[in-house]
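Q: Here are the chains, one letter per residue:
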Amino acid sequence: MKTLILYLLLLTTSLCADFWKESDIERVAKEPTWLNLLHYDSSGSQSAIHDKRFFLDSKGQRDAKRELLATLKAYGEPFNDKERDEHAQCRFPARYLWLSTQFTLPNYNELNPACDKLLKWKLLKGTQSISVVFVSGYLGNPASAFGHSFIKVNQSNNEEDNLFDTTLSYGALLPPKYNMPEYIFNGLTGGYEAAYSDKYYYNQDITYSNQEFRDMWEYRLKLSDAKRKLFLFHAWELMGKKNQYFFLNRNCGYKVSEFLSLLYEKPLIDSAYVWYSPIETFYKLKEMDEKGAGEIIDKVIYIPSKQQIIYAQYRMLTTLEKKMVSEMIEKKLNQIPIEYQDVNKSLQAHVLDFLLAYRKYSFEKSKIKIDKDIKAFNRSLLLNRLKLPASRGQKGKPKIKEPITENNAPRYFGMSFLTQESDDALALHFAPFAIEKVGYNNFSGDELVVLDTTVKMGREKVSLNKFDLIRIQRLKTKQIPYDEESSLSWNLHIGTQENENRDYFIDGGLGYAWELTNHMKFYTMMNLSLHSDEKKYRYMPNIGLYGDFHHLRVDLKAGYENELMKENPESIFVLNGQYRMHKHLSLFLQYDNIEMEYLSLGLKWFY
Amino acid sequence: MKKVKLSIVALAMTTIFVPQLQAGDRSFGDIYKECGLGAMIFNDTPIAAAVSNIIWDLGTTAVSSNISSEENCKGGEAKVAAFISKSYDDLELEIASGEGKYVDTLATMTDKKVSVIREEFAELVASNEYSTLSKTKKVEKLYNIVAL
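The listed protein sequences correspond, in order, to chains A and B.
Heads up, the first sequence is in our numbering, so the first residue is 1 and it goes up one at a time.
Heads up, the second sequence is in our numbering, so the first residue is 1001 and it goes up one at a time.
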């Protein structure tokens, strides 16, 4: 009997080996789609996924051919009645689907009825479309400063009814307890594992929009039914499989791009050796869409943050309503003031709606503890609102911000004519991530730039003229007059500059900003800085004007700089300007007289 | 009193017959205990993040093993309870106002008109105890308004 079984086994194995030609195995094992399905890196040497459950061959993480053979073999194995969902056809449906286009698979059945869990999976039943969502940067967490991205699987095509759509989000699996230095260290060095997880969209909406006040842009993709199916099957394969997390170049943005690469002939990732920011996925999709005559992006939907919604709600209030709101805040009233009790009920309703929303926003922003007095006050306000009729869509809608991919791309390379204290030279400029205050973007005078480098090519030598490790500016303006949120504006600048001697510095400032018009902001700051050259400790009170004239953005700053405990102030003047000539090209001008006169005029290419 | 009794009976039944029990037979208390809703409400605790991944994902095992079977915590009522727990603060304002994406979704899920939810919610807020209720209790009361 044993001999018979052995004989049958050998026969089956030899049949399997004969079933697929060696040349086909060799070819398919090197196919980009197969490598994408296994999440192999661009060199094809190994998979980014180190979870053993993701491979059918013990060496599958490093050998795509062995994994292919093991997969093909596993698909032909009989189902075990007790563990039917563990069969390869149920665990790896995307591989199964794609391999069916490359080989003749015996008894191929795209969705085997034995795969109970897969058949019940909600996403396979009602998916209408697939989107990628960009969440704007959040300075409350270092890992979120450059933005976040996730995939949204839409069960509804109605944007007003999408809270139960599904999101697939990639993130580090953090331990229950950790501190910030540990978090940064492990994030940078691959000390954390990471995985995709699926959640209902309302979880993301509440976290990003309602609690962190971050705008989002949803890019809905155009996908054929076949591609959509492949995508969903692959999502099933990926869920919960562990990867190694690297904050700089194996982050959410990279993984979203890697996932989407499965759908397109060309990879979405050009390079990610050192750095990959989430926004890059969207620029690449846009680029492919433009080259492919609009075959990639169906539409872009702006999802305003709760903050933007509250600002819009305030703008919609009439003068009388604003007056009532103001009085209620000033006098700490939880009901409509007596003198206004006779005004129209719907007007009273607007006032209370705004106050309730504003108080929630305000508490969320300030993170203050809600004590029993606040609770009692809120309850009275709520009750008074409930006594009035329901609203009828009169809250106002925020101004739609244009898609992020209409802004300057996040990287630039530039050339300029530079003169520094009468020393003329050509200069090269480069930054791997630059959302500049005078750049063409939605940042309204804010900026976040890292590793901004200027190399000066003088007649006698080539030198590192400027290097900014990081440059951040946040200009906060009050959109609501009584906004209690900390409205302090601030900036931080760490870098080095070539003056008479090389100066290494850390410069930080605090101040206030006001919106003068829709296009202009005025600010005043006090900067303190620490330098490596002679004047080590300095302060610099300054005022500035930021102007946004669509394609032209300008920042003017004036003040004086003085060394601490000394009386030798020097007046300073700084001018920065950019004019967008083309979606990739801007003309820029930089002038300042700090330490020595510096002027740079040139072109920046954003990509 | 009747509700309390029913709840106790259901809870006792749950402990014995969990695998057979359908979502529709459970009170909020049952769902709360079985599905880790408490951890979800207090979602600033580290445990909650992991628990919410386990419990409220959509049938896949996102991070850890799926300790709650589909029969236990994926039913319609558990879905409503989780939704209310996560979005209570938004729901409170939208019910008061009578409009909004969250309250519209809740109305659709429970097949109850926004005006009816609003009316019953007004009674709840009018009770003197409202401002002293814990978040969990508020969630439970709203759940009972839409589920019963």
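It cannot be assumed that every hint is accurate.
[What the hints assert, rightly or not] Calculated cross-link-like contacts (lysine-lysine; reagent style PhoX-like; alpha-carbon spacing at most 25 Å):
#	chain 1	residue 1	chain 2	residue 2
1	B	K1079	A	K120
2	B	K1137	A	K456
3	A	K387	B	K1079
4	A	K345	A	K331
5	A	K199	A	K125
6	B	K1135	A	K360
7	A	K125	B	K1101
8	B	K1137	A	K387
9	A	K120	A	K241
10	B	K1135	A	K30
11	B	K1079	A	K227
12	A	K365	B	K1079
13	A	K199	B	K1079
14	B	K1137	A	K367
[Said to hold, decoys possible] Computed Cβ-Cβ distance ranges for the label pairs, DEER-style:
#	chain 1	residue 1	chain 2	residue 2	range
15	A	D298	B	K1135	34 to 44 Å
16	A	L516	B	A1126	26 to 36 Å
17	A	K332	B	A1122	17 to 27 Å
18	A	Y607	B	L1133	47 to 57 Å
19	A	G190	B	T1136	55 to 65 Å
20	B	L1133	A	T101	50 to 60 Å
21	A	K332	B	L1133	19 to 29 Å
22	A	E287	B	A1122	51 to 61 Å
23	B	A1122	A	G190	16 to 26 Å
24	B	K1135	A	P389	27 to 37 Å
25	A	E330	B	A1126	22 to 32 Å
Honestly, the hints are just simulated from the structure, not real lab data.
For clarity, every value in this text was computed on a predicted model and none was experimentally measured.
All residues carry an ideal CB built from backbone N, CA and C; glycine is no exception.
Q: Each hint should be assessed against the structure and marked as holding or not.
A: Status of each hint after checking the structure:
Under the criterion of a C-alpha separation no larger than 25 Å, the hint pairing K1079/B with K120/A is consistent with the structure, at around 16 Å. Annotation: proposed proximity of K1137/B to K456/A is violated, straight-line Cα distance about 66 Å (limit 25 Å). Distance restraint check for K387/A and K1079/B: the Cα-Cα separation of roughly 30 Å exceeds the 25 Å cut-off, and the hinted pair is therefore not satisfied. Between the alpha carbons of K345/A and K331/A the distance comes to roughly 21 Å, so the proposed pair stays at or under 25 Å and holds.
Of the pairs offered as hints, the one joining K199/A and K125/A holds, with about 16 Å between alpha carbons and a cut-off of 25 Å not exceeded. The hinted pair formed by K1135/B and K360/A meets the criterion: a straight-line CA distance of about 15 Å does not exceed 25 Å. Distance check on the hinted pair: K125/A and K1101/B sit about 24 Å apart at the alpha-carbon level, within 25 Å; holds. With a C-alpha separation of about 23 Å, the suggested pairing of K1137/B with K387/A holds against the 25 Å cut-off.
Distance hint between K120/A and K241/A is fulfilled; the C-alpha atoms sit about 20 Å from each other, no more than 25 Å. Pair hint K1135/B plus K30/A does not hold up; C-alpha atoms about 55 Å apart against a cutoff of 25 Å. A hinted pair counts as satisfied when its Cα atoms are at most 25 Å apart, and K1079/B with K227/A does not qualify at roughly 30 Å. Restraint check: the Cα-Cα separation between K365/A and K1079/B comes to about 28 Å, which exceeds 25 Å; the hinted pair is violated.
Taking the CA atoms of K199/A and K1079/B, the gap is about 12 Å. The hint holds against a cut of 25 Å. The hinted pair formed by K1137/B and K367/A meets the criterion: a straight-line CA distance of about 22 Å does not exceed 25 Å. Checked against the hint of 34 to 44 Å, the C-beta distance between D298/A and K1135/B comes to roughly 39 Å, which is consistent with it. Range check, L516/A to A1126/B: about 46 Å between beta-carbon atoms, so the 26 to 36 Å window is missed.
At about 24 Å, the beta-carbon gap between K332/A and A1122/B stays in the expected band of 17 to 27 Å. The beta-carbon spacing between Y607/A and L1133/B, approximately 55 Å, falls within the hinted interval of 47 to 57 Å. A hinted range of 55 to 65 Å for the beta carbons of G190/A and T1136/B is inconsistent with their spacing of about 39 Å. At roughly 58 Å, the beta carbons of L1133/B and T101/A sit within the given window of 50 to 60 Å.
Distance hint check for K332/A and L1133/B: the Cβ-Cβ separation is about 23 Å, which falls inside the suggested range of 19 to 29 Å. Between E287/A and A1122/B the beta carbons are some 53 Å apart, a value that agrees with the proposed interval 51 to 61 Å. Range check, A1122/B to G190/A: about 54 Å between beta-carbon atoms, so the 16 to 26 Å window is missed. K1135/B and P389/A have their C-beta atoms about 28 Å apart, which keeps the hinted 27 to 37 Å range intact.
Checked against the hint of 22 to 32 Å, the C-beta distance between E330/A and A1126/B comes to roughly 27 Å, which is consistent with it.
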